[in-house]
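Based on these hints, arrange chain B on the given structure of chain A.
If you read the protein sequences in the order shown, they are chains A and B. Just so we're aligned: the first sequence equals residues 14 to 128 in our numbering. Just so we're aligned: the second sequence equals residues 18 to 128 in our numbering.
Do not rely on the hints blindly, as some may be mistaken.
[Said to hold, decoys possible] Think about it this way: if two alpha-carbon atoms lie no more than 27 Å apart in a straight line, the pair counts; the simulated DSSO-like pairs of lysine-lysine are:
| no. | chain 1 | residue 1 | chain 2 | residue 2 |
| --- | --- | --- | --- | --- |
| 1 | B | K86 | A | K57 |
| 2 | A | K28 | A | K91 |
| 3 | B | K20 | B | K69 |
| 4 | A | K24 | A | K96 |
| 5 | A | K84 | A | K28 |
| 6 | A | K24 | B | K69 |
[Claimed, not checked] Beta-carbon label-pair distances, calculated as ranges:
| no. | chain 1 | residue 1 | chain 2 | residue 2 | range |
| --- | --- | --- | --- | --- | --- |
| 7 | B | I127 | A | V67 | 41 to 47 Å |
| 8 | B | I80 | A | P94 | 37 to 43 Å |
| 9 | B | T43 | A | D69 | 18 to 24 Å |
Hints in this document: simulated from the structure, not taken from any laboratory. This structure is a prediction, so every number in the text was calculated from the model and none was measured. In this text, a Cβ means the ideal position worked out from N, Cα and C, and glycines have one as well.
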Amino acid sequence: EAGVAQSPRYKIIEKRQSVAFWCNPISGHATLYWYQQILGQGPKLLIQFQNNGVVDDSQLPKDRFSAERLKGVDSTLKIQPAKLEDSAVYLCASSLVGLGNGLTHFGPGTRLTVL
Amino acid sequence: DAKTTQPTSMDCAEGRAANLPCNHSTISGNEYVYWYRQIHSQGPQYIIHGLKNNETNEMASLIITEDRKSSTLILPHATLRDTAVYYCIVNIGSGANNLFFGTGTRLTVIP
Numbered sequence: 014e015a016g017v018a019q020s021p022r023y024k025i026i027e028k029r030q031s032v033a034f035w036c037n038p039i040s041g042h043a044t045l046y047w048y049q050q051i052l053g054q055g056p057k058l059l060i061q062f063q064n065n066g067v068v069d070d071s072q073l074p075k076d077r078f079s080a081e082r083l084k085g086v087d088s089t090l091k092i093q094p095a096k097l098e099d100s101a102v103y104l105c106a107s108s109l110v111g112l113g114n115g116l117t118h119f120g121p122g123t124r125l126t127v128l
Numbered sequence: 018d019a020k021t022t023q024p025t026s027m028d029c030a031e032g033r034a035a036n037l038p039c040n041h042s043t044i045s046g047n048e049y050v051y052w053y054r055q056i057h058s059q060g061p062q063y064i065i066h067g068l069k070n071n072e073t074n075e076m077a078s079l080i081i082t083e084d085r086k087s088s089t090l091i092l093p094h095a096t097l098r099d100t101a102v103y104y105c106i107v108n109i110g111s112g113a114n115n116l117f118f119g120t121g122t123r124l125t126v127i128p
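Extracted from the complex, chain A is given alone in its bound form (with noise of 0.2 Å):
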């Protein structure tokens, strides 16, 4: 099956730019995640839906993140202005629902650089 893809790979900016990621989970997946992970960290949920329903999104700087996932399968995620601390990877994840052990997959991750 085809993994969970990410667009773009890099990108750089200049703070109080702002920028836009795109996810496209694995079909079928009805839960989708995106993560921050600061350089020398491990991921750090910022929200996940359900379908196209926010399920948890207490992370999210909400003032300067925003997340949609339309029809309940691609997501975007855009950082408006970016500030130089939002220099991270964002990685996009995705799972089924319902199972006893339901597996995370995770897409390569986006890597912002802001300046």
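Chain B only, in chain A's frame:
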């Protein structure tokens, strides 16, 4: 909060078995132990998971203690390509609960 404790780093000689420990003393009865690894510049990759029995697949073996408070991931014949950060995660595995990553163990396989 991470529910697991792992050593920060480990080295292993190429061709030897790599044994990565993980403590999860507060694991609940319905939580699985998952192992993921992250090779440089890639997303985390699933390795193996288990509830209470030992598990083996083509990548690794997972040994879970009888009281389920700790586990060990075993890579039987480590290669240079196994150099990565290994994360031990406990999760109910419904596919609807996000994975909480700690800092993991950085495994370096030495030629």
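Worksheet item: Hint by hint, which ones does this structure get wrong, listed from lowest number up?
Response: 5, 6, 8
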